[in-house]
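These protein sequence lines map, in sequence, to chains A and B. Positions 1 to 113 (the numbering used here) are the ones given, in order, by the first sequence. Positions 114 to 228 (the numbering used here) are the ones given, in order, by the second sequence.
What the hints contain is simulated information worked out from the structure, not anything from laboratory work. Just so you know, not all the hints are guaranteed correct.
Not close to chain B: a few residues of chain A, all C-beta gaps over 10 Å, as computed [said to hold, decoys possible]:
(1) Gln3
(2) Thr26
(3) Thr45
(4) Lys56
(5) Glu58
(6) Asp59
(7) Gly60
(8) Phe65
(9) Asn67
(10) Lys68
(11) Val78
(12) Ser85
(13) Thr101
(14) Gly106
Under the rule of at most 20 Å between Cα atoms (straight-line distance), these lysine-lysine pairs were calculated in the PhoX-like manner [as the list claims (entries may be wrong)]:
(15) B:Lys168 <-> B:Lys133
(16) B:Lys179 <-> B:Lys168
(17) A:Lys100 <-> B:Lys168
(18) B:Lys177 <-> A:Lys100
(19) A:Lys100 <-> A:Lys37
(20) A:Lys37 <-> A:Lys56
(21) A:Lys37 <-> B:Lys154
(22) A:Lys5 <-> A:Lys100
(23) A:Lys71 <-> A:Lys54
(24) B:Lys154 <-> A:Lys5
(25) A:Lys37 <-> A:Lys5
(26) A:Lys68 <-> A:Lys5
No residue lacks a Cβ here, since even glycine has one placed at the ideal position from N, Cα and C.
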Amino acid sequence: DQQVKQNSPSLSVQEGRISILNCDYTNSMFDYFLWYKKYPAEGPTFLISISSIKDKNEDGRFTVFLNKSAKHLSLHIVPSQPGDSAVYFCAATFGRGGFKTIFGAGTRLFVKA
Amino acid sequence: GAVVSQHPSWVICKSGTSVKIECRSLDFQATTMFWYRQFPKQSLMLMATSNEGSKATYEQGVEKDKFLINHASLTLSTLTVTSAHPEDSSFYICSARGSGVNEQYFGPGTRLTVT
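I would like the entire structure built from these sequences, with the hints used as guidance.
Shown next as structure tokens:
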């Protein structure tokens, strides 16, 4: 049972444009969501997170939007840069550090120069 | 801050031997550490969760006698692959999480090749 789903295995975007990565979840108990970025042969890097009490969190070029009623979140990258090309993992958890984090399958982003 | 290291970054071993991978949180105390395995072009597969001073909790299908996990201190966890076989060849990644927070910080991974 996939509790966290990233239905798009890949996404291609032109440099300078917006990249939108989507994620859906099924467990209504999740109250904290995270995005990680991963380059090949490296460990994932934490990017940005959002608590369920918010619907938006912004950090530089990265913004995460949360729609609790739809059980959907998205990561926006504006403007996209070639260095953003990587695999992006959506993750969800609940409680304060008391539960394991469930990861989506990842979306590979290609940013074309 | 929030740096996690892994050692070695890559290792080649022969079938039947054991390999130990270390995961260290360098600038924070990791009350919980996680071990993941990633197959080519696939997502992260959680193998086990370990809390400092406690026995690790293994995910379904992961052999605890084959993948020995020790979380002896708040900054160090080790994964030992015992009696390694070629099918154990994979990319192993650890992550660490501090007390009362949700963010995990990942190590750079260890590429294991069993010949």
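Tested hints:
no.: 1; hint: Gln3; result: 12 Å, holds
no.: 2; hint: Thr26; result: 16 Å, holds
no.: 3; hint: Thr45; result: 7 Å, violated
no.: 4; hint: Lys56; result: 18 Å, holds
no.: 5; hint: Glu58; result: 17 Å, holds
no.: 6; hint: Asp59; result: 13 Å, holds
no.: 7; hint: Gly60; result: 17 Å, holds
no.: 8; hint: Phe65; result: 18 Å, holds
no.: 9; hint: Asn67; result: 19 Å, holds
no.: 10; hint: Lys68; result: 17 Å, holds
no.: 11; hint: Val78; result: 23 Å, holds
no.: 12; hint: Ser85; result: 15 Å, holds
no.: 13; hint: Thr101; result: 6 Å, violated
no.: 14; hint: Gly106; result: 5 Å, violated
no.: 15; hint: B:Lys168 <-> B:Lys133; result: 17 Å, holds
no.: 16; hint: B:Lys179 <-> B:Lys168; result: 15 Å, holds
no.: 17; hint: A:Lys100 <-> B:Lys168; result: 15 Å, holds
no.: 18; hint: B:Lys177 <-> A:Lys100; result: 18 Å, holds
no.: 19; hint: A:Lys100 <-> A:Lys37; result: 19 Å, holds
no.: 20; hint: A:Lys37 <-> A:Lys56; result: 19 Å, holds
no.: 21; hint: A:Lys37 <-> B:Lys154; result: 14 Å, holds
no.: 22; hint: A:Lys5 <-> A:Lys100; result: 16 Å, holds
no.: 23; hint: A:Lys71 <-> A:Lys54; result: 13 Å, holds
no.: 24; hint: B:Lys154 <-> A:Lys5; result: 16 Å, holds
no.: 25; hint: A:Lys37 <-> A:Lys5; result: 16 Å, holds
no.: 26; hint: A:Lys68 <-> A:Lys5; result: 15 Å, holds
The earlier numbered hints that this structure contradicts are 3, 13 and 14.
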